[in-house]
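A.B. asks: Chains as they are written, first to last, in numbering that gives the first Met the number 0: chain A, 0 to 434; chain B, 0 to 589; chain C, 0 to 241.
To be clear, the hints were calculated from the coordinates, so they are not data collected in a lab.
Here a beta-carbon is modelled for each residue, glycine too, at the ideal position from N, C-alpha and C.
Errors might be hidden in some of the hints.
[Claimed, not checked] Below, a sample of chain B positions facing chain C; criterion: calculated Cβ distance under 7 Å: (1) G420; (2) A424; (3) Y425; (4) F459.
[Stated by the list, open to error] Over the 10 Å line for every Cβ pair with chain B, so calculated as not near, a few chain A residues: (5) Q55; (6) I159; (7) A187; (8) L315; (9) G341; (10) G381.
[As the list claims (entries may be wrong)] From the structure, some residues in chain A lie toward chain C, with a derived Cβ separation under 10 Å: (11) P214; (12) R215; (13) P301; (14) A302; (15) A307; (16) D312; (17) S314; (18) M318; (19) R320; (20) A324; (21) N328; (22) A331; (23) M382; (24) N390; (25) K429.
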Amino acid sequence: MANYKKISTRILVLGAVVIVAVGFWASRSSNTERNAVADDNVALADFRSTDIEAIQRGEYVMRTADCAACHTQGKNNMAGGYPLATPFGTLVSSNITPDRDTGIGQMTERDFFNAVRNGQGSKGFLYPAMPYTAYANLTDQDMHDLWAYMSTVTPVNHAIDENSAMAFPYNIRLAMLGWNMLFFDNKAFDGDADGADRGRYLVDAGGHCSVCHSPRNALGAEKSDHYLQGGQLGSWYAPDITSNPHVGIGDVSVEDLAEYLGTGTNGQATAAGPMAEAVEHSLQYMSEDDLMAIASYLKSVPASKTKAHTALDASLPSMKRGALAYEVNCAACHGVEGEGMGELAPALAGNHALQGEPNNAIRALMVGARAAATHTKLTGAGMPSFAWKMNDQQIKDVLDYVRNSWGNAAQPVTPEQIERIRVGMQARDKMIDGY
Amino acid sequence: MTTNSKADVIVVGLGWAGSLMAEELTRAGLNVVAIDRGPWIDTSTHTPPAVDPDELRWGIRKELFSPPKDNTLTFRNTLDQTAVPQRDFGIFELGGGVGGAGFHWAGMAWRFNPYDFEIRSKTIERYGIDRAEDGELQLQDWGITYDELEPFYDRWERIAGISGKAGNLNGEKIEGGNVLEGPRSRDYPTPPLKTLRSMEVFNEATERMGYHPFTIPVANISQAYVNPLGVSMGACSYCGFCLGFGCGNFSKSSPQACIFPALMRRSNFRLLTESCVTRVNKAPDGQTVTGVTYVDAHGKEHVQEGDIVCITAFQIDSTRLMLLSGIGQPYDPRDQSGVVGRNFSFQTVSGVDMWIEGEQMNPFIGAGGLGSQIDDFNADNFDHSDLDFLHGAGMLTLARDGMPISKANKLPQGSPRWGSGFKQAYKDHYQTYTTIFNQGSSMPIKHGYLDLDPNYKDKFGQPLLRLTYDYSQSDRNMAKFTMDRSIEIAKEMGAQHITPFNFADKPFTTSIIASDHVIGGTPMGADPRTSVVNPYLQSWDCHNLFICSASVFPMNSGYNPTETVGALAIRTAQAIHQQYIQNPGALVKV
Amino acid sequence: MNRREALKSLSALIATGAVAASARASEMQGYPSNLAVADEFLPRPAMDGGKMHVLTDETALKTVTAVFDRLIPADDLGPSASEAGCIVFLDSQLADRFGQGAQLYREGPKLPGADELTQAPQFIATPRERYETGLKALEAYAQQTDGAAFADLQPDRQDEILQGMEEGSISLADDINTKAFFELMLQNVREGYFSDPIYGGNKDMVGWKLIGFPGARYDYRLYADRVGQKLDLESISLIPLD
């Protein structure tokens, strides 16, 4: 769960950079006029919706937006307290139960809209760890439903001091105003959220996919011209999910993609790390129709420009070393021809994410990885770590082999990429490296 | 001493029996806490493919086992001897971590034969009372029949994904399967593994001799599989590192591979590791139990209270826990009074080692349970009227014998054991060796039992268990008979060198590993005078105490015991949540 | 700051955030998320450096080397035990849990007749102690019968003594089970010659190559159908050097 929540870290880091921007005042980024549709009289603590259908729809919105991932720590639903470690100190997720003293019980529906869609909370500006940049797209109807759901959450008295462990000057919430002015695109969703544009709506609003899957510029804003083309996310890399047929999802059927999103694996690809958390907490609760809508939309996203590579020659000595290492270490789970093992271990042959940015494959070899465990596919098998057994060259050999065999083709991995992750992940060195 | 919050059910030992019961009971909504003396161990974090294939560590040093230092017993053959402790690894191959011995087992997945469950009645029926009561044997029925257990065998095979071919589907005999097995309601969930060279030679020879060879049903499964709990398993890669090893690719059925992914994620399940239960606590009136006392990794004692206690430990530990807790009357071999400790049985093993010149067995390719077997001399599949023994043995050949350290002992008679001659002999015969292993049944005897040792103590200062046992004459005769049959088969297989072996031509010992299948001590049955638990494995003395372990077998068959333990565990767990919970009390009235 | 240190300082940027539930916690609910191989399950390779940790007595070292090299001598089929690293293996094993008898039940007393009852002798003494007393007694025996160190005897004579120990016709000392000591050495030298090279013996996998064992492999599905055929698979160590 930790890494998924660290989406915020990157935004926060760069958000803090723009502290200099403080000083500007009224701007489009702060405009909350459209939230006037929400009631501003009744506080959440005094309200309990009786509209069963609205509550159920609201719970669904909560799932699509994956609120619990960050706001639930331990057994108390939405009571916050999840620590987000950042290089600038630790940020703690808020208590968003209707508790009057320590939660959001004193918020009106309009306050709630302002917080979720505009990043303006009861204690001042929210840190962009809260993805209001995406939630700005949520429709009025979904927001009303979400409010109805929130009213049914059990109040928990759990005081949170969100930013006391943030170092100066990052503990000053007002700094976020400047960030918003530069990067917050404060406008409503521009399509038919329940009809033709359902897929795009789910991806861009609640799903907040681009928060991870789009690369960012030097100041931490998503590069709109590289939408969903992949981005670094802490120690993970959120891969290209455009229709690029080589490293994206262009070659995957809508059905297979929906199965992957809803269950964590389609036998070919297996969700791990932050994506496993997104599947476990959010995507597996979505309806078939919505998953198909997401998959169809993603297939329509213009392909990134990443070109296919030419496969390395199988007769290279390094490819032969890689082949033997694969047979000895990997084949038992990933198959003698890279075909994978049912729901348990992903196929490597034809695996597009594997042929793109090698970050996640290196990371898995270094420290292992756990597959998503969902209600329908609950195994959540583990990929073991190999840091103790393989040096950087051996990891390069085996990765170059799997990325360039069975029809796969990819750039050779560099020793620097491997060493960076070995060190960064604090993975151990190979146990015996020459006697 | 601290007391934990009360649980609905306490499971003592999270091996096959404990995890199957915990799975059933948590699914039924009960709060279950499992207490295991071992640490957490799992596939990818403890025995991945990169750690597993290491004969010295797992096969020779046996590092996955609970060591004798922590868990052992004393042993003697006869009542007049003073028992001595088993100091090094012997026949007790206890699990060292969660999953119990189900994590390191080889993987032979057998149902017992219908004859086994009614061994006393059927023996009397066919051969007369004199054969059942020869003065030495202590035969008794199980209190359930094969047909009653069949649906639970079926359920266990589904959970474990067992690979095999049916030989008797609802009474219809099917060529290629074990035509001598009890009727099964369905075929195995996955097909048999490949037929390797030693099996080919064995199959051809035994077919020529008119026997009925078949591939042993195994928990080293042949293809990717999703079990009824939704847990995915992998396909066996024939690495051969199974017995004594974990499994790195999720293809050997175990609590880890088949149950934990579902069980561990349930919010009504809790697991205490590195915590050793030292006694089950009785209520003041002695009619029920209140929970257990255990010692944690730091030596601190705790009490865990629960409405129901299930002892699901290894056979010797289940028996010992009953004795240490003072539940049930200990068995007295002099007059056969009492019950706890009764009917220890083992496995009466003979066979042949053989070498077939020019063969290329490739013995490193294999799987823990993989082999061929004939049941023509097992159970009551053949007429014992003119024979001087009861029951028999599963006669099998194995495809898993490629371990280079342990195989160094397997050389034809007359080969040097060391020096250049040894090197030459080993080089010549590594590829030509195969074996026939007669996994013989073991009949309980009046003087075979378990009690507490008066002299030796464990690390907690509690008395060790004491085993008193030797083979019955019937079993000795059976071992000799099946050994002679295996010599005939070896000759038919074309072996130039044949070395017969018979563990039962000497006194029984815990030190020489003929088998690791130890049975009995808390036998089940319909008669409280001869059994510790009723046919639902419920204690006759305390109705909220259940024991599910090989300790409840009243005898041992010519098969491995795991599947029968598993089937009994599922049956008992279902009886608890379907019957006992509604109306706590004895499930069987006498 | 060298490059590696520079990278380490960067590590804060991509270090994992929240602490995963410890797999060694005594109370568990849910599935552990740390996927690194558990420290105590990593292999324990032979200690490097070439110096002896337990076999520090020069005479004892010479004696056991001589014994091992008679049990597995150098010949046309390959190097001797010591050439294959079996002494390094033994020393490392004696320093490890095996030598310490860490797995054995060692509570006394050992009753007379215990070995007859169990049929396989069992010891309260640790393997390390048994080597210490056994090698000393073997050397004393050689000095007494031949007036020379065991290691300096002719190979034939060494074999004769070893054979006597194996058969039980020689007793090294009253308090030493000579036959069992021979079996201990035979077992250990075989272990060294045929276990994974990470443990110090089986150098260059000479033991495995002798018999055709392919080593620490985990998938034979590519070969299982070639029933009865010679496969000539390359032997592989658990931790290959390159």
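A.B. asks: It remains to establish, for every hint, whether it holds in the given structure.
C.D. replies: Comparing the hints with the structure gives:
Residue-level restraint check for G420 (chain B) is violated (minimum Cβ-Cβ distance to chain C is 10 Å; threshold 7 Å). Annotation: interface hint on A424 (chain B) violated; nearest CB of chain C at approximately 10 Å, more than 7 Å. Because the beta carbon of Y425 (chain B) sits about 6 Å from the nearest beta carbon in chain C, less than 7 Å, this interface hint is met. Checking F459 (chain B) against chain C: minimum C-beta separation of about 13 Å lies over 7 Å; hint violated.
For Q55 (chain A), the non-interface assignment is confirmed: its Cβ lies about 22 Å from the closest Cβ of chain B, beyond the 10 Å cut-off. Every CB of chain B lies more than 10 Å from the CB of I159 (chain A), the least distance being 24 Å, so the non-interface label holds. A cut-off of 10 Å between C-beta atoms confirms that A187 (chain A) is not in contact with chain B; the least separation is 39 Å. Interface exclusion of L315 (chain A) from chain B stands, the closest Cβ pair being 24 Å apart, more than 10 Å.
Distance to chain B contradicts G341 (chain A) as a non-interface residue, since its nearest Cβ pair spans about 3 Å, not more than 10 Å. The Cβ of G381 (chain A) sits about 3 Å from the closest Cβ of chain B, inside the 10 Å cut-off, so the non-interface label is violated. Evaluation of the P214 (chain A) hint against chain C yields a violated restraint, the C-beta minimum of about 16 Å exceeding 10 Å. Annotation: R215 (chain A) was flagged as interfacial toward chain C, and the flag is violated, the nearest CB pair being 14 Å apart, outside 10 Å.
Interface hint at P301 (chain A): violated, since its Cβ lies 30 Å from the closest Cβ of chain C, which is beyond the 10 Å cut-off. With a cut of 10 Å, the hint placing A302 (chain A) at the interface with chain C is violated, because the nearest CB-to-CB distance is about 28 Å. Proximity of A307 (chain A) to chain C is violated relative to the hint, the smallest CB-CB distance being about 29 Å (cut-off 10 Å). At about 20 Å, the closest approach between the beta carbon of D312 (chain A) and any beta carbon in chain C exceeds 10 Å, and the interface hint on this residue is violated.
Taking 10 Å as the C-beta cut-off, the interface hint given for S314 (chain A) is violated, the closest approach to chain C being about 17 Å. This hint is violated: M318 (chain A) has a C-beta 15 Å from the nearest C-beta of chain C, more than the 10 Å allowed. Contact between R320 (chain A) and chain C, as hinted, is supported at the beta carbon level, the nearest pair being about 8 Å apart and thus within 10 Å. Checking A324 (chain A) against chain C by beta carbon gives a least distance of about 8 Å; that is within 10 Å, so the hint holds.
At about 7 Å, the closest approach between the beta carbon of N328 (chain A) and any beta carbon in chain C falls short of 10 Å, and the interface hint on this residue holds. With a least beta-carbon distance of about 5 Å to chain C, the hint placing A331 (chain A) at the interface is held under the 10 Å criterion. Taking 10 Å as the C-beta contact cut-off toward chain C, the hint placing M382 (chain A) at the interface holds, the least distance being around 7 Å. A distance limit of 10 Å between C-beta atoms decides the matter here; for N390 (chain A) the minimum to chain C is near 8 Å, and the interface restraint holds.
Of the supplied interface hints, the one on K429 (chain A) holds, with its beta-carbon coming within about 7 Å of a beta-carbon of chain C, less than 10 Å.
Hint compliance for this structure: hints 1, 2, 4, 9, 10, 11, 12, 13, 14, 15, 16, 17, 18 are broken, all remaining hints hold.
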